[in-house]
Amino acid sequence: MVAAVTRLTRIVCMAATAAALTAQSHAQVVPGNSFPSLAAGGLSGGKAPETAGSVLLVDFWASWCAPCKASFPAYSRIQAAYAARGLAVVAIGVDDSPSAYEAFVAKLRPGFTTLYDPQHKFVSLVQVPTMPTSYLVDRSGRVRFVHPGFHGDQTEREIRAEIEALLDEQSVAR
Amino acid sequence: MKRNRLKLSLLAALAAVFQSGCATPSAVRVHPWERASLADDTMNPDRDALGTSMTEHVFFSREAASGGRGVGGSGCGCN
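Heads up: the protein sequence lines correspond to chains A and B, in order.
Read in order, the letters of the first sequence correspond to residues 0 to 173 in numbering that gives the first Met the number 0.
Read in order, the letters of the second sequence correspond to residues 0 to 78 in numbering that gives the first Met the number 0.
Everything labelled a hint here was simulated from the structure, so no lab data went into it.
Quick caveat, the model's predicted, so the values are computed rather than measured.
Glycine included, every Cβ here is placed at the ideal spot set by N, Cα and C.
Hints should not be assumed to be uniformly reliable.
Here are some of the chain B residues that sit facing chain A, going by a computed Cβ distance under 8 Å [to be verified]:
1) Asn43
2) Ala48
3) Phe59
4) Ala63
5) Gly66
6) Cys75
7) Gly76
8) Cys77
All chains, full assembly: derive it from the sequences and hints.
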């Protein structure tokens with residue numbers, strides 16, 4: 000009897016440890032990490048652009064986030080300025096409500112691709128530190144810069160300088 | 000002796016179970032992308048400036064004390 004309870008106790012301890020480890024398995028994506036494929040996380044709202052060999056700017060936003068609203072015109076300008084040289088801007092909405100997502104996109108009419116993460120699967124993979132957060136991914140698919148928050152002209156200037164540098168780099172096989 | 004060991008083992012198992020609960024981030028914190036409700040204006044305790052000043056006046060008159068409203072703000076925690 001005692002032996003059985005002790006064995007059971009051990010099993011419970013191991014299961015609890017495994018549960019704790021599993022819960023922490025998704026770590027924040029930081030510079031140097033590979034950015035998850037846009038096909039990986041159940042994104043809807045449109046077709047993900049072909050990004051192989053491109054410099055990618057991925058922005059996470061929500062309709063209830065004021066800096067996200069301020070960032071959209073800046074990302075539209077950036078997309079217009081650098082698309083021809085190989086930049087793709089993709090903004091991923093994480094609203095709970097599809098109607099809030101659609102209304103936001105309809106109102107701001109961004110000049111770049113917007114996708115919707117209805118189940119928060121993709122954003123959970125990336126573990127963004129705040130809203131909004133944008134990731135600059137180089138031609139080989141590696142995250143090079145992370146911008147938590149959007150601080151107007153300052154952020155736009157920084158992102159433009161980083162994009163220029165990444166566009167000048169040679170493509171490396173993934 | 001065996002009884003004590005059994006109790007100790009059970010205690011350790013319970014501690015492990017509770018600790019694993021605390022270690023689950025999804026159970027203990029609201030992620031940045033889950034703050035839609037917190038960002039709503041109705042979550043802001045200071046959204047009605049007149050109402051707040053009247054409540055504070057009543058509190059001051061009744062309790063002969065003021066201040067101490069250390070209520071944390073709401074909001075989406077953006078930027």
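query = Holds or violated: is the Cβ of B/Gly76 closer than 8 Å to a Cβ in chain A?
reply = Nearest chain A Cβ about 7 Å off; hint holds.
message = Hint validation: B/Asn43 versus chain A, beta carbon distance must be below 8 Å. Holds or violated?
response = Violated, about 13 Å.
query = When the nearest CB of chain A is found for B/Ala48, is that gap smaller than 8 Å?
reply = Nearest chain A Cβ about 20 Å off; hint violated.
task = With chain A as the partner, please determine if B/Ala63 meets the hint condition of a C-beta pair closer than 8 Å.
result = Given a least distance of 40 Å, the restraint on B/Ala63 is violated.
Restraint check, 8 Å cut-off on beta carbons, for B/Cys75 near chain A = At about 5 Å, which falls below the 8 Å cut-off, the nearest Cβ of chain A leaves the hint on B/Cys75 intact, so it holds.
Chain A contact restraint for B/Phe59 - C-beta distance below 8 Å = violated (34 Å)
message = B/Gly66 was flagged as interface toward chain A. Is the shortest Cβ-Cβ separation under 8 Å?
response = At 30 Å from the nearest chain A Cβ, B/Gly66 fails the 8 Å test, so the hint is violated.
task = Double-check B/Cys77 for me: the hint is only fine if its C-beta lies closer than 8 Å to a C-beta in chain A.
result = This hint holds: B/Cys77 lies near chain A, its Cβ roughly 5 Å from the closest one there, short of 8 Å.
Checked against the numbered hints given earlier, this structure breaks hints 1, 2, 3, 4 and 5; the rest are met.
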